[in-house]
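Taken in sequence, the protein lines are chains A and B.
If you read the first sequence in my numbering, its first letter stands for residue 1, the second for the next number, and so on.
If you read the second sequence in my numbering, its first letter stands for residue 1001, the second for the next number, and so on.
Keep in mind that the hints are not guaranteed to be accurate.
[To be verified] Below, a sample of chain A positions facing chain B; criterion: calculated Cβ distance under 8 angstroms:
| hint | residue |
| --- | --- |
| 1 | P5 |
| 2 | W12 |
| 3 | L14 |
| 4 | T105 |
| 5 | T112 |
Hints are computed from structural coordinates only; laboratory data are not their basis.
Note that beta-carbon positions come from the ideal geometry of N, C-alpha and C, so glycine has one too.
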Amino acid sequence: MSVRPVPARWLWLLVLGFGAWCSALVTVYALHSVGCTFAWSAGAIHLGLGLAILAHLALIAWLWGNYAKPLADPAHGPTGSFLHWVIIWTMLAAVVTIAFTLGPTLLLTSCT
Amino acid sequence: MNTSIEDSPKRGTAIGLHRQLEEIWATGPGLQRLAAVNHTVIGARFMATAFVFFAIGGVLGMLARVQLATPQSTFMDAETYNQVFTMHGSMLLFLFAIPMIEGIAVYLTPKMLGTRDFAFPRLTAYGYWCYLFGGTILTVALIAGVAPNGGWFMYTPLSSNVYTPGINADVWLLGVTFVEISALTLAVEIIVSVLKMRAPGMSLDRMPIFGWYMLVTALMMVVAFPPLILGSTLLETERAFGLPFFDPTRGGDALLWQHLFWIFGHPDVYIIFLPMAGILSTMIPVFANTPLVGYRAIVVAIIGLAFVSFGIWVHHMFTVGIPHLALAFFSAGSAIVAVPTAVQLFAWLATLANGQPRWNVPMLYIFGFFSTFVIGGLTGVMLAIVPFDWQAHDTYFVVAHFHYVVAGALAFPLLGALYYWLPLLTGRTAVYRLSIPAFWLIFVGFNLTFFLMHLVGLLGMPRRIYTYPEVESWTWLNLLSSVGGFIMTIGFALVTIDLIAQIRYGRRVRRDPWKAATLEWAMPIPPVPYAFASLPGIDGRADRIAVGELAPSLARGEGYLGFARNGWQETLGVCITSGVPEQLIVLPRATYLPLWTALCTGAAVLAMLFKLYFLALLMALVVAGLFVCWGQNAGHSRDFDSLPVGRGLSLPPHTEVASTPPWWALIFALVADGTLFTSLVFGVLYLWISAPNWPPAATPVTNIPLALAGGAALFAAAAATRRSLRLQASGRSPQAWIGLAALLLLAAIAGVVVLIGNVIPHPREHALGATAAALFGYVALHAGIGLLFLVSNFMRLAAGFISSRRLIDLRLTRLWLDYTAITGAIAIGLVLALPTLVGILEMRP
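Chain A on its own, in the form it takes in the complex:
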């Protein structure tokens, strides 16, 4: 079977998982700063942060389902299989990183 070359755009998927983590971090930090500056209630701040975290987890799940999963095509040969493996694991690692770094913020006091 002839091997189909892997499109260069796949490389973006290598950074999308942790890109989502960066976006989540910046969003949470910004929301928190804005909320504290304008004296939002603790509930509103936590709700905002929770939604931001959930939105980013959903984004990774969507990327996984729509982009990462379909890459598992044997026609792309060893290079495709290698990139698929790396993309899947960077996304998984990004999910764990979001949960570990941002999850506990929902349990803490907000602006002290």
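Fit chain B to the given chain A structure using the hints.
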């Protein structure tokens, strides 16, 4: 460039081929050395220059240790000590660590990837000269007694005009920024070269792990350096022209500097660590006699590490008064960054456990790395825990920690690498009589110096003090620490003597003395200027090469491009993912242009330093003109369609394909530029929400019609450029549309300059006006660079370098003007939104 080509180049004998290629690729003798652009020459110069700055920085460190060896020392006064410790840190980080990894990357990466040079040899040379001149400015300032004196991270307000008058801080801001130009140019070059210029067949999964490390490191540099460049520019603007970005009395905020600095500063630790980890991942399998364990896991780990290292900059600011909730997630991020680092450590340990390690001098340094880096990593996790950080912040514990991390991650692998690749560099092998005692002196001295700093830090000794009272528990620890420093210095001196002796008297060796399996050993040693007489075809992992069989075959010209043609410096460009060859790249030959351009850049920097702003502007225009000259002879002035490249394959030249190195270089340059722009937008919003003395007394006012007209002109110029590209592609003349685009850009620049002149509040009165002026200035600068693109297009069209097949010039211009229009719209939109934002701010409780 000559365009009469030999129809079917013939392959000769190995020695004949060597002579032909040597004539094309070699750097000339005497003064012609100043025109060198070859990666082997420039890489060696980078490393040698970095060692000189290491020696100067090391001497400064020793002077600091002499001062601190005893309490109440009068060896130095406070001002001298401030300059010494500031320059120690600045030199070792900006003039040694980063340039050294760049030098290693320049020297080794093309060889390990099986190509003949980097994608932009003249840019490599320009980067080197910028580094040398920037470093020289800092060194001369040190000798003249006007060196920076505010600490290596130049915190505001200490570094502002009020507290640091004179040129000390300006030297840092301008000199370091000058050096950063070098780092950024090289980062873009490394990325493009790793992606596009590997050996044919070297797909991403076959690339040596060192290639992945360099790719990720260079990508980090592209994103990490712009925030610092922006911060330095804003601070220099504040010092020179009074724009109060960091002055809280006028709506600025000193903490903005800390944010911008540490968004660079924290990833910088990993920018230093990752290439060294790449070196370790290359050396350990050789000495363990087994392939690297966990190749794929390491790739995942370094991608994760790169991102997480950016997200934890605030852990350097735990004591500035950030709410607990924010402290918590930065603390968690700072702890989790240990995980991808640990993945690599365990992969190396597993490789050693899996193989049959043999001891040699490089392995001694690997052992030194393991022990020091693990200690540094663990104290890093301690400092990531907020309550501990509050206790240890700004004490010698932190000094001990980052010396273990930076020196452990850099010095030990670097010295190991030096011994490992010495036969490649010199063609001679080590004797090792001095090497082993030198290692032990460095190892013992290092630990004696820095381990004790943990203790004295925990006992409460603050950093950056030039003397201290007679506290019994501090005195003996400091004395022993200084003794350790001298032991370490003796070790480094022995290494220097050892290296000189080996370069002079070492035993000559044949290639691949370590029985390694990477491509840099499949060439004559020391390396010839063209690196490979013919390029290898890769059909398996490129770190499992049978060097002994491959090297003679390549020397005989049995690979790709195993011939000399038309005096061209030829190499191949490949598909990014699969490594399938897709273009013939013809590289520019030696030229003095990089030297002249760097000299003029240096003149512009010096003129700014001495506040000769008209001269600075003039020199900046000369630099711009020189860059336009760079492009004038690049590429071909006729179409070729395709040319034979050996092994029965014919490929189009890089000027006639879409995915050409300059295209990718501009994309990554725009990533860097976009990061700088994002940092500027962050700065505006940060000041809006966090700075004291907002809103300003004067209501912000902008000429809305003029601002909208300026934005419209940018979009119209971008559209005109697109039209010119379409016309050229269909074989018609695009000059009129290029001219129209130039006129529109001139109109946009004029409009934006008027807007800057009429910003209310005045940029000197309040940070709001200053940020609006900065945003408009960004737009004007990019429109101006767009004009240079268009001027270059005109000249190259007239010279016949652009045709319906050779469209890269116009495509680059289109990309630049698209970017300028989009960022221009955001910048203008943000300025127009400022009155509304100020109104929202007034709703604060």
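Against chain B, with CB atoms and a cut of 8 angstroms, does the hint on P5 of chain A hold up? Holds, about 4 angstroms.
Hinted contact T105 of chain A with chain B - closest CB pair below 8 angstroms: Status holds, d = 5 angstroms.
Does the nearest C-beta of chain B fall within a distance shorter than 8 angstroms of the C-beta of W12 of chain A? violated, 11 angstroms
Does L14 of chain A pass the interface hint, meaning its C-beta sits closer than 8 angstroms to a C-beta of chain B? holds, 6 angstroms
Any CB of chain B closer than 8 angstroms to the CB of T112 of chain A? holds, 6 angstroms
Going through the hint list in order, the structure does not satisfy hint 2, though it satisfies all others.
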